[in-house]
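Using the sequences and the hints, build the whole thing.
Chain order of the listed sequences is A and B.
Take 1 as the starting number for the first sequence in the numbering used here and just add one per residue.
Take 1 as the starting number for the second sequence in the numbering used here and just add one per residue.
Keep in mind the hints are simulated off the structure, nothing from the lab.
Beta carbons are placed, not taken as given, at the ideal position from N, Cα and C, and that holds for glycine.
Here are the in silico distance ranges between beta carbons for each label pair: (1) Phe99(B) with Glu30(A): 16 to 24 angstroms; (2) Glu101(B) with Thr19(A): 18 to 26 angstroms; (3) Gly60(A) with Asn88(B): 39 to 47 angstroms; (4) His18(B) with Arg95(A): 16 to 24 angstroms; (5) Gly60(A) with Ser59(B): 41 to 49 angstroms; (6) Glu30(B) with Thr48(A): 18 to 26 angstroms; (7) Glu103(A) with Phe3(B): 14 to 22 angstroms; (8) His18(B) with Ala17(A): 13 to 21 angstroms; (9) His91(B) with Asp86(A): 36 to 44 angstroms.
Residue-level listing of the chains:
2 protein chains.
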Amino acid sequence: MDFSKLNGLIPAVVQDAHTHEVLMVGFMNEEALAHTRRTGLATFFSRTRNSLWTKGETSGNRLEVQRILTDCDDDTVLLQVTRLGDGNVCHTGARSCFFTELEGEST
Amino acid sequence: MDFSKLNGLIPAVVQDAHTHEVLMVGFMNEEALAHTRRTGLATFFSRTRNSLWTKGETSGNRLEVQRILTDCDDDTVLLQVTRLGDGNVCHTGARSCFFTELEGEST
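In C-alpha cells, the structure reads:
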C-alpha cells in the first residue's frame, strides 16, 4: 500500500458485505491496517486523537472484516464488513454515517 | 462541508446507484464539489496534476450523479452515480478500481 500521498494515511471505505450500503469512511495508517488484518476488526487512525481506534470499542458496534480490497493505485482500501452489536455504525445512532442528502446546487 | 481537515480536500466515494458497487474514491476541493453539483457529472481534484478533472473527459466513461450524500461529520461525500460510456470506471479498464483482494495478514 502507498501511504505517502496523505501524510501516512489512506482512506478506508466501509461497506456492509451483505446489503452493500456504504457505512462510513475512516483513515488508516500502516499500523491500523496491520491491526485490522491481524484482528479481523476494523481499526482506524484517529486524526483528532492521534491514535488507533477500533470501531465499536466503546459502543460494542464493532465491524468484522470479511474482505479487504485495494484500489488500482494502491492508496485506498475498501472494507466489506459484518456489523456486530446493534448494527448502528454512526455515532449519532444511525445505521450509516451517510444519511444526509445534499440538495440543490450551492455548497 | 468541512474542507479544513485535509488541506482543502474531502474524500469522495463513488458508488453505482443501481448495483451498489463501490467504484472508486477521489478527492474534491470546494470547486470540484460545486462543479459536480452544477453539471451533474462527477468532477474531482487531481492531487498529482493540481487541477480539476471530470471523470471520463477523455474516455467518455463519465459518471452521472444521481445523489450526493454527506456523512455525519460533513467531511466526506458519497456520490451515487450512473455509469455512462462503456461503464468501466477504472483506468485499467476494469468496472471498478477495487478489484484486488488483500490476502493473509501481512501488509
